[in-house]
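Enquirer: In case you want the letters, here they are:
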Amino acid sequence: MTAMTRREWLLSDRPASRRQARAGQAYRTWLTFRTNWLAMVGLGIVLALILVAIFANVIAPYDPVLGGDLRTARFLPPMTGDHLLGTDDLSRDIFSRIVHGSRLTLMVVVLVAVIATPIGLLVGTTAGYFGGWTDTILMRITDIFLAFPRLILALAFVAALGPGIENAIIAIAITSWPPYARLARAETLTIRDSDYINAARLQGASSARILWGHVTPLCLSSVIIRVTLDMAGIILTAAGLGFLGLGAQPPQPEWGAMIASGRRFLIDQWWVATMPGIAIFIVSLGFNLLGDGLRDVLDPKARK
Amino acid sequence: MLEATDLHVTFRSGGDTVKAVRGVSFAVAKGESFGIVGESGSGKSTVLRAICGLAPTTAGVIRLAGTPLAAPRSPDFYRKVQMVFQDPYASLHPRHTIDKVLSEPLAIHGFDRREERIEEALADVGLGADFRFRYPHQLSGGQRQRVAVARALILEPEVLLLDEPTSALDASIQAEVLNLLDRIRAERGLTYVMVSHDLAVVAHMCDRLIVMQHGLAVEELTREALAAYRAETDYTRKLLSASEGYTPAEAP
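Protein chains in written order, with our numbering: chain S, 1 to 304; chain F, 1 to 252.
One or more of the hints may lead you astray.
[To be verified] Each pair of labels, with its calculated beta carbon distance range: (1) F/T233 / S/S12: 52 to 62 angstroms; (2) S/T190 / F/E119: 26 to 36 angstroms; (3) F/A65 / S/T35: 52 to 62 angstroms; (4) S/A186 / F/D16: 22 to 32 angstroms; (5) F/E3 / S/W212: 33 to 43 angstroms; (6) S/T35 / F/A123: 38 to 48 angstroms; (7) S/I119 / F/G14: 25 to 35 angstroms; (8) S/I50 / F/P75: 40 to 50 angstroms; (9) F/P75 / S/T134: 18 to 28 angstroms; (10) F/E176 / S/G131: 34 to 44 angstroms; (11) S/T190 / F/R63: 33 to 43 angstroms; (12) S/F130 / F/G141: 28 to 38 angstroms; (13) S/T35 / F/E156: 46 to 56 angstroms; (14) S/T5 / F/D207: 47 to 57 angstroms.
Treat the hints as calculated values from the structure; they're not laboratory data.
Ideal Cβ placement from N, Cα and C applies to all residues, glycine included.
Excised from the complex, chain S in its bound form (with noise of 0.2 angstroms):
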């Protein structure tokens, strides 16, 4: 199949299988997402992020947790030799300790995105179309997690747990799903007296199937659209707990974990701290702009 043909196969008016609806409905939300160009570059660091971290042991030149020589190795400044971004206190390569914290930051934005994505789209929807009592409940028990400062309650967690990563990422789960459970709701509201959920229960569709097969594909987007603009919060999140050594120990290259160590140096060996400080932003940053995107191309509100 040539490249013309396979353009026509998914732009088809009339697709012939479901393989082909689904496929042609995806590569239309490409063709609009693709015109947008600062989404691009959020896509382009949100996958190079990806490829950072899968290829971690390739990339780094270095050892991210053994250090080189103590007396002659310490606090070298960037575009020293082959450290190209220096070494810190311990004599360790910043940049090998970047590419491998890029691991650390993926594995937490993933288990977050994971855990609380779906806490957040069960307790919305079915607080949203049941109503009632169970509205009211699930709704007051959103709204005892909302009113704890996300940080502190974090922290809380952290210290009946014990520190390390994997706790924040718990901790971090807990504390960021209300938000999407608010939204699913909200979505949930809207449509669940439409003629299409009526329609459905007409048929004798159960309150499980209409949750899952027609409720639950509407309020996606809107949820996946909010967790992607959060990703950037749970990184600086993430980064907090570290700073504050409740999250990942050393010596794992954890990018807060890095800027806490280097702060004592900030004055005299400023690209320590500096560095994994850049490199959150910029990984924050990217997932802003995929977010922002994706907010164009999914969200129907929005749509000019």
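Go by the hints and put chain F onto chain S.
Expert: Same frame as chain S, but now just chain F:
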């Protein structure tokens, strides 16, 4: 076949109560086409919604083939009674292909031969097989309403509830959809209950009708009486003259 006795529907929200239907009785025989007409807000659509369980029945009984209907309705009820909604732009799920729309009721009720049934249902409403994997936004209003009719018919119901099935369509397509509904009823011996504000449509489709105003049935008419303008109440006469169309006031 379908019988409502002294049907009341009252909606409560907060301190407000709205008595949408206040004691409506009618009986529809098997194979008959029955019409409910009235102005906006007369409670005619609410009667249909009460029959299929979407609106609460506050008093009165609805019987299907002699047995009173339980709330919530049983799965068996949905096999026998299906509904076509007013607005074809709102009654199809925007993220489901036509294929998904038609295959879901078959999956819920455990039908066999699903592929063939979907193709037959599409052919029955005059849509080709190449419509099968399209999304609703790729269809016109008339095509969407055909899909909605196909969805209602795919479970092989005995009673079809039609809630102003053509009022959202433009005139040329209205006739197409009405002819389609007429043909299907003749072929399958279905029982229709049709709600409309358009007397011309009801006169074309229905053997018998009731006229509703403010939640009450004010008059029952046959098609012949309607054609001969033998209306007994002022309200029906007003509806009749309104359906003649716009008549300009005479110049003074």
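Enquirer: For each hint, tell me whether it holds in the structure or not.
Expert: For each hint, the structure was consulted:
1. F/T233 / S/S12: 52 to 62 angstroms: holds, 56 angstroms
2. S/T190 / F/E119: 26 to 36 angstroms: holds, 34 angstroms
3. F/A65 / S/T35: 52 to 62 angstroms: Since F/A65 and S/T35 have Cβ atoms about 58 angstroms apart, the given range 52 to 62 angstroms holds.
4. S/A186 / F/D16: 22 to 32 angstroms: About 24 angstroms separates the Cβ atoms of S/A186 and F/D16, which means 22 to 32 angstroms holds.
5. F/E3 / S/W212: 33 to 43 angstroms: holds, 37 angstroms
6. S/T35 / F/A123: 38 to 48 angstroms: holds, 40 angstroms
7. S/I119 / F/G14: 25 to 35 angstroms: holds, 32 angstroms
8. S/I50 / F/P75: 40 to 50 angstroms: Given about 46 angstroms between the Cβ atoms, the range holds.
9. F/P75 / S/T134: 18 to 28 angstroms: holds, 23 angstroms
10. F/E176 / S/G131: 34 to 44 angstroms: The hint (34 to 44 angstroms, Cβ to Cβ) holds, given that F/E176 and S/G131 are roughly 39 angstroms apart.
11. S/T190 / F/R63: 33 to 43 angstroms: Since the Cβ atoms of S/T190 and F/R63 sit about 36 angstroms apart, the hinted range of 33 to 43 angstroms holds.
12. S/F130 / F/G141: 28 to 38 angstroms: holds, 33 angstroms
13. S/T35 / F/E156: 46 to 56 angstroms: Holds: the Cβ-Cβ distance is about 47 angstroms, inside 46 to 56 angstroms.
14. S/T5 / F/D207: 47 to 57 angstroms: holds, 55 angstroms
Comparing the model with each earlier hint shows no violations; every hint is respected.
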